[in-house]
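Visitor: For reference, the chains in residue letters:
Protein chains: 2
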Amino acid sequence: MNAVPNPRRFSFVGGDRGSWRVTRIVPYIGELLPDVARIDIVNGAVPAEGGWVLRGVTSNERYATRPEKTELAAKQVGLGRPTATHAALIPIRKNAAWWALTQDERRAIFEDKSRHVKTGLQYLPAVARRLHHCRDLETTEPFDFITLFDFAERDAAAFEQLLGELRATEEWKYVDREVDVRMVRDGA
Amino acid sequence: MNAVPNPRRFSFVGGDRGSWRVTRIVPYIGELLPDVARIDIVNGAVPAEGGWVLRGVTSNERYATRPEKTELAAKQVGLGRPTATHAALIPIRKNAAWWALTQDERRAIFEDKSRHVKTGLQYLPAVARRLHHCRDLETTEPFDFITLFDFAERDAAAFEQLLGELRATEEWKYVDREVDVRMVRDGA
Numbered sequence: 002m003n004a005v006p007n008p009r010r011f012s013f014v015g016g017d018r019g020s021w022r023v024t025r026i027v028p029y030i031g032e033l034l035p036d037v038a039r040i041d042i043v044n045g046a047v048p049a050e051g052g053w054v055l056r057g058v059t060s061n062e063r064y065a066t067r068p069e070k071t072e073l074a075a076k077q078v079g080l081g082r083p084t085a086t087h088a089a090l091i092p093i094r095k096n097a098a099w100w101a102l103t104q105d106e107r108r109a110i111f112e113d114k115s116r117h118v119k120t121g122l123q124y125l126p127a128v129a130r131r132l133h134h135c136r137d138l139e140t141t142e143p144f145d146f147i148t149l150f151d152f153a154e155r156d157a158a159a160f161e162q163l164l165g166e167l168r169a170t171e172e173w174k175y176v177d178r179e180v181d182v183r184m185v186r187d188g189a
Numbered sequence: 002m003n004a005v006p007n008p009r010r011f012s013f014v015g016g017d018r019g020s021w022r023v024t025r026i027v028p029y030i031g032e033l034l035p036d037v038a039r040i041d042i043v044n045g046a047v048p049a050e051g052g053w054v055l056r057g058v059t060s061n062e063r064y065a066t067r068p069e070k071t072e073l074a075a076k077q078v079g080l081g082r083p084t085a086t087h088a089a090l091i092p093i094r095k096n097a098a099w100w101a102l103t104q105d106e107r108r109a110i111f112e113d114k115s116r117h118v119k120t121g122l123q124y125l126p127a128v129a130r131r132l133h134h135c136r137d138l139e140t141t142e143p144f145d146f147i148t149l150f151d152f153a154e155r156d157a158a159a160f161e162q163l164l165g166e167l168r169a170t171e172e173w174k175y176v177d178r179e180v181d182v183r184m185v186r187d188g189a
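Chains as they are written, first to last, in my numbering: chain A, 2 to 189; chain B, 2 to 189.
In case anyone wonders, no lab produced these hints; they're calculated from the structure. A portion of the hints provided could be inaccurate.
Computed Cβ-Cβ distance ranges for the label pairs, DEER-style [to be verified]:
#1 72(A) with 36(B): 44 to 52 Å
#2 4(A) with 8(B): 31 to 39 Å
#3 188(B) with 148(A): 45 to 53 Å
#4 119(A) with 188(B): 53 to 61 Å
Interface residues of chain A toward chain B, partial, derived using beta-carbon atoms under 8 Å [what the hints assert, rightly or not]:
#5 46
#6 58
#7 65
#8 100
#9 105
#10 106
#11 138
#12 139
Glycine included, C-beta positions come from ideal geometry on N, C-alpha and C.
The shape of chain A in the complex, shown without the other chains (with noise of 0.2 Å):
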């Protein structure tokens, strides 16, 4: 049996390619990631080769439920529209102790105190976002998750405005690795 890519995985990969530039790389929470002056999202493997590359899966939701996601479903759009110019690629860890709670200690973190999915809510359909999961690859990954958000220029505001909302949850305090980084599409 030969080994047949998983078509949900996606690579990003920090070098000298790709069609996003990178405005900046902030460590938020922890070590950072190297400088690079481009990022390539491809959906598949790539081979190492200098700069970095983290590899996630999108799959099933971990937390919503049928009323949430439906209203999800109702108002998200998919990356990749015209007008969105910028991105930002945010890759986070949760600590031992987040991995240690059973599912429902997670969704009651997740929901019932930290209101990720209302918030998210708030933002559609204006950031799109996409996760991925990177925690139960076959490699040692650095983050659990990576998730990439586009937006057009003009809602870069209500970005920040989403992030410090989420970053000042209760959920937020099991995160020990977080990093910022933000492009903008070439010819923007």
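Put chain B on the given structure of chain A with help from the hints.
Guide: Frame of chain A, contents of chain B only:
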């Protein structure tokens, strides 16, 4: 950054090697797996060479609540007890309808309707188990989950009963492939 293997990764290699002698491989739902003489269970990656390889990663529990986890932790035992000379390797795949459900809907089917945890608890500590996730690896795997069970010969009938109870549940209506591999340890 070099790729560091995930320490929670396991490979199940069907072929001519390993300390588990296969006694039968039966397809329970859907396509079978080819017959092999032995299964080698490796905590790590293996090169693909003849036979077949199933891969999975152990992870955090997705459904158990705190009271359930506490009860499981008090009763469960690890794989590999000297008396556990018999084993079953049961890979399953769930259908698209399952993965389209939300977390609360999956939990309701998994436990409220199917009593997955409560049923398993009745067979502890006789039957040890370890669950591996395969759906979100970087390769497309033929199954979503692989469960490895081991038990003493005297508990073989209890194991059949456990399996029968689980397969009769509402949850199992979402299983669209299941293969049942039975093994006996060398020297047993």
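Visitor: Which hints from the list above does the structure break, by number from lowest to highest?
Guide: Of the numbered hints given earlier, the structure breaks just one, which is hint 2.
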